[in-house]
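Using the hints provided, position chain B relative to the given structure of chain A.
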Amino acid sequence: MSLIPDPVGRFFHRMASPPYFYAFTEKLMPWLTGIFLILLAGGLYGGLYLAPTDYQQGDSYRIIYIHVPSAWMSLFIYMVMAAAGAIGLVWRIKLAEIVAISSASVGASFTFIALVTGSLWGKPMWGTWWVWDARLTSELILLFLYLGVIGLYNAIDDKRTASKAVAILALVGVVNIPIIHYSVEWWNTLHQGPTVTKMDKPSIHVSMLVPLLLMAAAFKFYYVIAMLQRARLELLQRERTANWVKKMVTEQSQ
Amino acid sequence: MSAQEFFAMGGYAFYVWTSYGLCFVVLLANIVLPIIQRRQFLRQLALKQKRQNL
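Those sequence lines, one after another, are chains A and B.
Last residue of the first sequence? That's 1371 in our numbering, and every number before it is there in order.
Last residue of the second sequence? That's 41 in our numbering, and every number before it is there in order.
In case anyone wonders, no lab produced these hints; they're calculated from the structure.
We put the CB at the ideal spot given by N, CA and C, even for glycine.
Watch out, some of these pointers could steer you wrong.
[Claimed, not checked] Within a straight-line C-alpha distance of at most 16 Å, the following computed EDC-like cross-link-like pairs (lysine to aspartate or glutamate) qualify: (1) B/Lys35 / A/Asp1275; (2) A/Lys1211 / A/Glu1368; (3) A/Lys1211 / A/Asp1275; (4) A/Lys1276 / A/Glu1356; (5) A/Lys1240 / A/Asp1250; (6) B/Lys37 / A/Asp1275; (7) B/Lys35 / A/Glu1356.
[As the list claims (entries may be wrong)] Covered stretches of chain A, as calculated for chain B (at least 3 residues, CB under 8 Å): (8) 1128 to 1141; (9) 1169 to 1180; (10) 1220 to 1233; (11) 1236 to 1243; (12) 1340 to 1347; (13) 1359 to 1369.
Excised from the complex, chain A in its bound form (with noise of 0.2 Å):
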């Protein structure tokens, strides 16, 4: 009796293997690719038309919409680069590795975004584009440390010892993850609390909330698709030597 389902080990198993992997994820992206335009279109329609205007904010709520799944999907990414990362570290599986790096890159996007909107509604709601509040200060600190991963990654030419780098780094990086979430509740700054994760009742009506969620839940499958595009190339750099490559390559220059 193993504690992971049979058919579960089996598909992980097979993932690992480069050319499956390949393969699989290349049909699996018009579901996905589908599957995220639905939700994308659903949350937009939503947002920017379906949902009232905000009573105190006027319409520069609608904003909400793309940073608070952005803030979120920045410190998802990163919970999921690092844990790639150690899943490459100790078994030295390589596709976790791959998962670990190719992340970073949307990891790094979606932090960029949030700081970028947040300053966009920051400007017209606060009267400032930026204050150093505790918020602020370590998603900043995020991009930083995706920045570093990226460029940690790059610096090293061995790609296996590269990966043990960066996920070394991301490891590291992970203590900076409970002082974003919990930022705005240590220490009271110009950035409001939580409205939709509180234990208790949301503090933000249903109208609005559902294209929140469902902004959430598209802005996940892009980053699946983003993640695995780049991880499709960064695979092929890789194995370029290995014969399931230049078996593809030979039947598709014919």
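Below, chain B without anything else, positioned relative to chain A:
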């Protein structure tokens, strides 16, 4: 609500549409760039193979 009202975003058009536009550009680039780079890489590999087979 007219289209004009919709795009005016209650006077916050600049902030709202800049946010959405930037988000769109960054997210699109994250998908398009790796696809282009992968195709280029495959083309390079094909060229190399052809040269070796000559």
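Closer than 8 Å Cβ to Cβ for three or more residues is the test here. Does the stretch 1236 to 1243 of chain A pass it with chain B? Held - the stretch 1236 to 1243 of chain A has 4 residues with a Cβ nearer than 8 Å to chain B, which meets the minimum of three.
For a C-alpha distance cap of 16 Å, please report whether A/Lys1211 and A/Asp1275 respect it. holds, 13 Å
With a C-beta cutoff of 8 Å, work out whether three or more residues of the stretch 1359 to 1369 of chain A approach chain B closely enough for the coverage to hold. holds (count 5)
Proximity test - 8 Å, beta-carbon atoms, the stretch 1128 to 1141 of chain A to chain B, at least three hits: violated (count 0)
Distance restraint between A/Lys1276 and A/Glu1356, which requires alpha-carbon spacing of 16 Å or less: holds, 11 Å
Hint check: B/Lys35 vs A/Glu1356, CA-CA at most 16 Å. Holds or violated? holds, 15 Å
Cut-off 8 Å, C-beta pairs, minimum 3 residues; does the coverage of the stretch 1340 to 1347 of chain A by chain B stand? holds (count 4)
Given as covered by chain B, does the stretch 1169 to 1180 of chain A meet the bar of three residues or more with CB within less than 8 Å? holds (count 6)
Going straight from one Cα to the other, do B/Lys35 and A/Asp1275 come out at no more than 16 Å? With Cα atoms ~22 Å apart, B/Lys35 and A/Asp1275 exceed 16 Å; violated.
Can you confirm whether the C-alpha distance between A/Lys1211 and A/Glu1368 stays at or below 16 Å? With a Cα-Cα distance of about 25 Å, the restraint between A/Lys1211 and A/Glu1368 is violated, given a limit of 16 Å.
Pairwise hint evaluation, A/Asp1275 against B/Lys37, where the allowed Cα distance is 16 Å at most: Roughly 27 Å separates the two Cα atoms, so the pair is violated.
For the stretch 1220 to 1233 of chain A, does the count of residues with a C-beta closer than 8 Å to a C-beta of chain B reach 3? holds (count 6)
Violation of the numbered hints given earlier is confined to hints 1, 2, 6 and 8; the remaining hints are satisfied by the structure.
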